[in-house]
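Per this note's numbering, numbering through the sequence shown is continuous, rising by one, with the last residue being 119.
Hints in this document: simulated from the structure, not taken from any laboratory. Treat the hints loosely; a few may be bogus.
As the list claims (entries may be wrong) - In silico DMTMM-like pairs for lysine to aspartate or glutamate, Cα to Cα no more than 20 Å straight-line:
| id | residue 1 | residue 2 |
| --- | --- | --- |
| 1 | Lys51 | Asp13 |
| 2 | Lys72 | Glu99 |
| 3 | Lys5 | Glu99 |
| 4 | Lys5 | Asp44 |
| 5 | Lys5 | Glu26 |
| 6 | Lys80 | Asp60 |
| 7 | Lys80 | Glu63 |
| 8 | Lys72 | Glu97 |
| 9 | Lys80 | Asp44 |
| 10 | Lys72 | Glu98 |
| 11 | Lys51 | Glu86 |
| 12 | Lys5 | Glu34 |
| 13 | Lys51 | Asp17 |
What the hints assert, rightly or not - Derived Cβ-Cβ restraints for the label pairs, each shown as a range:
| id | residue 1 | residue 2 | range |
| --- | --- | --- | --- |
| 14 | Asp4 | Asp54 | 33 to 43 Å |
| 15 | Arg102 | Lys5 | 17 to 27 Å |
| 16 | Gly3 | Ser110 | 27 to 37 Å |
Note that CB positions come from ideal geometry on N, CA and C, so glycine has one too.
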Amino acid sequence: MAGDKCRVRVRLDHLSDGSCYVGVAEGPSGLNHELRLAAAATLDALRQLVKAMDLPVRFDLAEVAVFEAFGKRGVMVSIKAAYQNEARSLLGFAPVEEEAARSVAIAVLSATNRFFAVA
Numbered sequence: 001m002a003g004d005k006c007r008v009r010v011r012l013d014h015l016s017d018g019s020c021y022v023g024v025a026e027g028p029s030g031l032n033h034e035l036r037l038a039a040a041a042t043l044d045a046l047r048q049l050v051k052a053m054d055l056p057v058r059f060d061l062a063e064v065a066v067f068e069a070f071g072k073r074g075v076m077v078s079i080k081a082a083y084q085n086e087a088r089s090l091l092g093f094a095p096v097e098e099e100a101a102r103s104v105a106i107a108v109l110s111a112t113n114r115f116f117a118v119a
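Just need the whole structure built from these sequences, with the hints factored in.
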């Protein structure tokens, strides 16, 4: 993409049936934008998964933030989730490793995996 644009792709493999879902998000480049795009791409893949499972679950990205605690960097995501008549605010965390976008995807999955137990 052009120097001022970024595209992030996230692939989720559903181990129980071997299917995979690829989420994509595009937007401006820059670290903060790219982290938000990584979260958006992960949610895009999750939306495909819940649609295939015929679950009426909705996910919306609220915030993505990088923080430092105990001398280490981490990433935190806030996601709004809805299932039937229940709405929740979900939080996920992950340490920032070499690939910050991968860390964001892990934080999104960390936030949403507990919600799937409800759905």
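Here is how each hint holds up against the structure:
no. : hint                       : in the structure
1   : Lys51 to Asp13             : holds, 15 Å
2   : Lys72 to Glu99             : holds, 15 Å
3   : Lys5 to Glu99              : holds, 18 Å
4   : Lys5 to Asp44              : holds, 19 Å
5   : Lys5 to Glu26              : holds, 7 Å
6   : Lys80 to Asp60             : holds, 5 Å
7   : Lys80 to Glu63             : holds, 10 Å
8   : Lys72 to Glu97             : holds, 10 Å
9   : Lys80 to Asp44             : holds, 14 Å
10  : Lys72 to Glu98             : holds, 13 Å
11  : Lys51 to Glu86             : holds, 18 Å
12  : Lys5 to Glu34              : holds, 9 Å
13  : Lys51 to Asp17             : holds, 15 Å
14  : Asp4 to Asp54: 33 to 43 Å  : holds, 39 Å
15  : Arg102 to Lys5: 17 to 27 Å : holds, 20 Å
16  : Gly3 to Ser110: 27 to 37 Å : holds, 32 Å
Hint compliance for this structure: every hint is met.
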